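This is what each chain is made of:
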Amino acid sequence: MSAIAQPLIFWLLLGSGLNASFNPPGVPEGTSYIEYFYPGIITLALLFTAIFATISVVQDRREGFLQGVLVAPVSRWVIVLGQALGGTTLALLQGALFLFLAPIVGVPLSPFSLLSALGVMLTLSFGLTNLGLMIAWRMDSTQGFHAIMNLILIPVWLLSGAFFPVSGVPILLEWVMKLNPLTYGVAALRRCLYFNASIVSEEIPQLTLSLLVTGAFCVITYFGAARTAYRRPNVA
Amino acid sequence: MFPIKVENLSYAYGARQALVDVTFSISQGEVFGFLGPNGSGKTTLFKILSTLIPVDQAAVNILGHELGNGVQRVRQYLGVVFQRPSLDLKLTVTENLRHQGHLYGLQGKPLKQRIQEALDQFELTDRAHEGVETLSGGLQRRAELAKATLHHPKVLLLDEPSTGLDPGARRSLRAYLNGLRNTTVVLTTHILEDAEACDRVAILNAGELVAIGTPDELKDQVSGDIVIVDSPEPEQLAPKINQRFGYATASIEGLLRIECHNGHEFVRDVVAAFPTEIQSVRLGKPTLEDVFIKLTGRRFEENGSSQDSVGLESSRTETH
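Going down the list, the sequences are from chains Y and R.
Here the first sequence stands for residues 1 to 236, where the numbers follow the numbering used here.
Here the second sequence stands for residues 1 to 320, where the numbers follow the numbering used here.
I should point out that these hints are in silico values taken from the structure, not numbers from a laboratory.
Keep in mind that a hint or two might mislead.
Stated by the list, open to error - Output of the computed footprint for chain R on chain Y, the stretches with three or more beta carbons under 8 Å from beta carbons of chain R:
1. 67–74
2. 181–193
Unchecked claim - Pairwise CB distance ranges (calculated):
3. R:163 <-> Y:75: 27 to 37 Å
4. Y:144 <-> R:298: 41 to 51 Å
5. Y:75 <-> R:180: 25 to 35 Å
These numbers come from a predicted model, not from an experiment.
Ideal placement from N, C-alpha and C gives every residue a C-beta, glycine not left out.
Only chain Y is shown next, with the shape it has when bound in the complex (with noise of 0.2 Å):
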């Protein structure tokens, strides 16, 4: 619950304050933050999801149902697979309500730009949820999680082009968010969700790079995941 509460306060909060103050470079004209926030939001939405899924490995490592499984004749990737699947369900699930927002927010949602952005998200989820799981694995507390997710997975997040468009800001920054493969994710859904729209700036990303980059950052977690379980099996 409060991983779709959160994502709609900041998107409300934060779009309705710093609309004023909003006008980028690089931004079509007449794009609402609310609106230029969109797609941002739905990211984050995923994030907190996959986040909140992938914590309880932290505990249920420790007392909980998953030592049983760590003994059993299963390969470690198939639980983590199994793992990673069961926070995509989730945070695609919480992902999916934000869509019905569209309409409001002024975002021309076609049968086929829908069909696409959920394709992406089930991809992004995947992808975020295997990034979770790769830091619950390591992790030995809860709180050590906590710090992770505000340290790195926020400023990820941030950087990504959700809270605002790379164009204009220095050019450190921009390298970050160029690098920064969650920028190719959000990219991926802006276009999706504008679909033939042509009213997406230039500026990010192309859609075809944007999927490549989304599809390569899902599989690459996927291992680094299963690689972090094998290896950190249990944390003594």
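Put chain R on the given structure of chain Y with help from the hints.
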């Protein structure tokens, strides 16, 4: 053929050595206990045997498979009961068992039969559809056992199985484990009574295996009787006892501990010889704790149960 064979196993967490050159074999069908205080390495050993900690060495062989590359084949034959709960509290007993069955490739009718069998065996049938979180601690423990043995493991590993059980439940757990003749049972414990009930016991201290044998064999290492003397000034009394009776004394936590033959006579004589310097005297047959003290020179911490020794109180009253 030994179902479990461990040769020269060492394990370290970074710089901290948890196990040092441990070697032992466990025979088919026996109940084997690892006895040791906290930090002795028994939990590490449990985690290695239960395949939770990956070991690259060929030092551990379970049912003919080396834990390294043969780990997936070994897992199928292992049943593991963890010290901490491993049931999903939000699910019912049956649901927990069903998921467990799926993990071991059991499905459909055979799975249903196994679940019913396990519920009957652990007297959980009438609670089968209740959420695990509503069950008492003892019932949850029984459900844990039902879960761990659902797939009929050849080796059953238990980490501190009697933690949190009342004496009655402990007794029935011991009876159950001793009744499992086709299953090799390996448990860790810091409770002396649990260790006494095992066929064989290995004593661990600071990562080293200091003794291994049946409880009786181990206790034979301590000769005769154990007399424990409580004195306000043990340092002064110790040499006097040594001089007069010729027995070596060991001072453990302010108590003098003397290994001797004909303890009843010694108790009488020592009290008569130093009437003002002795507060209380206790006489007992050696227990595994005495074996532990003899081998390591220190008390078995956090256990502190003098009730474990077959205490024959002397004429003077105990003051602690």
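Structure-inconsistent hints, enumerated in ascending order = 2, 4
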